[in-house]
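Just so it is clear: in the sequence shown, position 158 is 158 by my numbering, and no numbers are missing.
None of these hints come from the bench; they were simulated from the model. Each residue gets a CB set at the ideal place from its N, CA and C atoms; glycine is no exception. Incorrect hints may appear among the rest.
Claimed, not checked - In silico BS3-like pairs for lysine-lysine, Cα to Cα no more than 30 Å straight-line: (1) 189 with 202; (2) 189 with 200; (3) 200 with 251; (4) 189 with 65; (5) 65 with 251; (6) 65 with 225; (7) 189 with 225.
Unchecked claim - Label pairs and their in silico Cβ distance ranges: (8) 59 with 8: 14 to 24 Å; (9) 76 with 240: 36 to 46 Å; (10) 221 with 274: 19 to 29 Å; (11) 253 with 209: 30 to 40 Å; (12) 157 with 4: 23 to 33 Å; (13) 155 with 275: 18 to 28 Å; (14) 4 with 201: 29 to 39 Å; (15) 253 with 8: 41 to 51 Å; (16) 275 with 198: 19 to 29 Å; (17) 260 with 98: 30 to 40 Å; (18) 188 with 94: 41 to 51 Å; (19) 75 with 107: 37 to 47 Å.
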Amino acid sequence: MAQRVFNFFLFSSIYISLCAVLMVYQTWHLLGLIHQPGLLPFVFFATLCSYNTHWYFTPFVATEKLRSSWTARHRHLHFILIIVGGIGMGFFSISLLGEWQWILPAAGLTFLYSAPKFPHPVFHKLRKIAVGKTVFLAAVWTYVTCFMPVLVSDSPLEGQNFIFCISRFFLIYAICIVFDYRDREMDRKEGIRSVVTLLKEKQITQLFLLCVFLCCGTTALLYLKGFTLLVIALLIAPALLTAALYPVARKNHSDYLYYFVLDGLMMISAPFIIFLPI
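Produce the complete structure using the sequences and hints provided.
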């Protein structure tokens, strides 16, 4: 029973939607931004809608046996959650009507990531876009959880704000590389191009380590902007944990490792930063 509840929480994309909410709140909290009413529920429902759409159109994947089997048995649930997510997103977007110039780029990036899955030849052509899968996913997560909260708060995208956003991009990109490494053979068969499908194994590892290094380096720069050493350590920790898990994840393709642990590393610093008196 407990496993069924956990699988529902994880594979229905409720978990990843909550991760997105925590990441947005972390950005608000750390950068001292004005809280925009409606943004958190908007991000939750938009993520729920987007991810369930993605999985609804995703065929069985051999490297994701548990998740693919769950999806095959619960396609009707994915469809319901697409509708629920769409309604929630539409409702809470009303309070963000004045910020649509910042919302639309997120929608565009999300579409470019999931569109190759749609059953139409026009969308299949998007599979040929080089580096698309990896960069678009990292870009949309960084934009929605970091850049967008800054922009809708009418804060300048400079100094600590910009450095923080860039540091999170390198963390998310490193995590995306791990996912793409796992999926590279399947992507090649389907004609989906990404950085990982174009590189050799040694080059993939080098790119991954470069992203980890750049994440740690840009995060360390925040010390010059007044961030405490504890906050910087909490922000760097997910990158180091991702690096530690990299050799494990290359061999162990457990859906729990990828969709709970690795996805969770994007937001793992948030609860400590938000709720602890640091």
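Now for the hints, and whether the structure bears them out:
For the given pair, residue 189 sits about 21 Å from residue 202 by alpha-carbon distance, which is consistent with the 30 Å threshold. For the hint pairing residue 189 with residue 200, the CA-to-CA distance comes to about 16 Å; that is within 30 Å, so the pair holds. Between residue 200 and residue 251, the direct Cα distance comes to roughly 17 Å. Compliance with the 30 Å bound is thereby established for this hinted pair. Distance check on the hinted pair: residue 189 and residue 65 sit about 18 Å apart at the alpha-carbon level, within 30 Å; holds.
A threshold of 30 Å between alpha carbons decides the hint, and for residue 65 with residue 251 the separation of about 15 Å falls inside it, so the pair holds. Among the hinted pairs, residue 65 with residue 225 is inconsistent with the structure: their alpha-carbon atoms are about 46 Å apart, more than 30 Å. Under the criterion of a C-alpha separation no larger than 30 Å, the hint pairing residue 189 with residue 225 is inconsistent with the structure, at around 46 Å. Distance hint for residue 59 and residue 8: a CB-CB separation of about 21 Å, consistent with the stated range 14 to 24 Å.
Look at residue 76 against residue 240: about 41 Å separates their beta carbons, and that is inside 36 to 46 Å. Checked against the hint of 19 to 29 Å, the pair residue 221 and residue 274 passes, with Cβ atoms roughly 22 Å apart. Distance hint for residue 253 and residue 209: a CB-CB separation of about 21 Å, inconsistent with the stated range 30 to 40 Å. Hint check: residue 157 to residue 4, Cβ distance near 44 Å, so the stated range 23 to 33 Å is violated.
A hinted range of 18 to 28 Å holds for the C-beta pair residue 155 and residue 275, which are about 23 Å apart. With their beta carbons about 37 Å apart, residue 4 and residue 201 fall inside the hinted range of 29 to 39 Å. Range check, residue 253 to residue 8: about 21 Å between beta-carbon atoms, so the 41 to 51 Å window is missed. With their beta carbons about 42 Å apart, residue 275 and residue 198 fall outside the hinted range of 19 to 29 Å.
At roughly 37 Å, the beta carbons of residue 260 and residue 98 sit within the given window of 30 to 40 Å. For the pair residue 188 and residue 94, the beta carbons lie near 43 Å from each other, so the given range of 41 to 51 Å is met. Checked against the hint of 37 to 47 Å, the pair residue 75 and residue 107 fails, with Cβ atoms roughly 24 Å apart.
The earlier numbered hints that this structure contradicts are 6, 7, 11, 12, 15, 16, 19.
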